[in-house]
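**Q** Here are the chains, one letter per residue:
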Amino acid sequence: MTRLAFAEDVSAGYGPQTVLSAVSFALHAGERIAVLGPNGGGKTTLFRVLTGELAPRGGTLERPPRSAVVPQTERSRLDFPVSALDVAAMGSISRLPWWRRPGRRERGTARAALDQVGLAERARDSFGDLSGGQRQRVLVARALVQDAAVMLLDEPFGGLDEASSQRLNSLLDRLAAEGRGLMIATHDVEQAQRWDRVLCVNGRQVAFGEPAEQLTPDVLEATYGAEVVMLPGDGGRGILSAHHHHDPG
Amino acid sequence: MLATVWQAIADPWQEPILRRAFAEVVLVGVAGGMLGCWVLFYNLSYSAESLAHSLLPGLVIAALSGVPLIIGGAVGMLVAALCIAVAARVPAIGRDTSVAVVVTTLLGLGVLLALSPDTPAGLQGLLFGDVLGVTDGDLLVSGVVLVAVVAALVVLNARLALVGFDRSGAPALGVSPAAVDGAVLVLLALVLVAAVQGLGNLLVVALLIAPPATAKLVAGRIPVMLAVAAAIAVGGGIAGLYLSYYAKIASGASIAAVLVAAYVLTGLLAWGINQRPTRSLAEGTS
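Line by line, the protein sequences are chains C and S. Heads up, the first sequence is in the working numbering, so the first residue is 534 and it goes up one at a time. Heads up, the second sequence is in the working numbering, so the first residue is 2 and it goes up one at a time.
If you're looking for bench data, these hints aren't it; they were derived computationally from the structure. Beta carbons: idealized from backbone N, C-alpha and C, even for Gly. Please note that the accuracy of each hint is not assured.
[To be verified] Going by beta-carbon spacing under 7 Å, a handful of chain S positions derived as facing chain C:
1) 172
2) 177
3) 178
[Said to hold, decoys possible] Non-contacting residues of chain S with respect to chain C, defined by C-beta distances greater than 10 Å in every case (computed):
4) 67
5) 72
6) 220
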């Protein structure tokens, strides 16, 4: 399996403060890694290090050749007058020199990406008029236009209903099957168990490995502290307190 | 009847002063209306007003010493930025207060200079606008500013939209929000310097804010909004000049009044249209 990203004892921070340390993991083509951690635990910082936006403080890091962040839809301005196609086409900007704007070819690529996420018919709709799940898929389409080998998804399931979550889940499965590497920041421990690896962070790395082995009560408590409620007779599965599901991380 | 109306429309165009004024409102209207959309998207309306006020001493000193206004405006803006940076470092003042203190002080200084008894007549135009006093040189400056603004907005359109839509995600796509903000502020300073002659330092913001705010009520896409805002700014500018000509009131104030009235009327119309389906739905279900 092709290795897309690798970190060994990586640390990162802002100004004098180190907010994330001792991160070691590898991401291979076709893998989905759940990134679990409390708000402020370092998930976003890790993504910024992986895209190259933030330089690591220490350790060894092999950054993915082409990575894209899929942000939470709440962080975009819903009143901004752009269509789904406009947003998807924004993915081409990183490849264009500063004086060039996305042209016919880039818009064609954006249209194809929207088709891939099942939104070809909504291309002309305003981004703000789409449902939460559709907006998330448009942002995935933007990452597809970036031709990203690695996608870093920031809590993509936040605020989605069951049907939208399922549709997004099957899209992520398909992207992984195509050979992309996915890192998905989430608070949903149950969902994390479905994926290939789990990376738990809380200011430092708590655990990395297969979900069935790593998601133990001790690891969850070290990741989330006292905010984890353990359900008896459920194999020690952790369910997080409600506010974690909706707070932007 | 038709002849009378035509006469009323054509009359102001007989005078070269008014022809130049019409040309000026077209040039600054297109530049101001289009750039104003981005000022609105980037929530820079208050910054635009502060910038306009802080340019005043530089403009007055440039006019008094015969230096081109654009140089005076640029120096005025640099001085304002330096004063704000210095004042913001004083712990007892703070950033927000420092902006208010510096902008108010510079506006006061500019007014003092412009209205001083020793100042030649005409400089009051920098405060309240004197579009009828526009020279061929002013038209040339406005034309150059228009070309620069339109070219920059066309080239930077996708990056402006990306930062406006998803500021925190822009760096991951290779676009620096700080650089884009800087470009908007430089263009803003250029338009302010070009438009201040016609509308005056105190009213120029109306040209930058009212047309885009009106366009936002009726347009759903950025290119359409830019075109509508430019059309409203030009139309409002021309209508304001007619109002000034026939009602014999100050031209800058007339233009600002027409632009604001267009916003209020469009807002009321949009509100009325939005209310209609709700009412019929309520009637249908009762």
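**Q** The structure should be examined with respect to each hint, and the outcome stated for every one.
**A** These are the hints, each one checked on the structure:
no.	hint	verdict
1	172	holds, 5 Å
2	177	violated, 10 Å
3	178	violated, 12 Å
4	67	holds, 37 Å
5	72	holds, 27 Å
6	220	violated, 7 Å
Against the hints set out earlier in the document, violations occur for numbers 2, 3 and 6.
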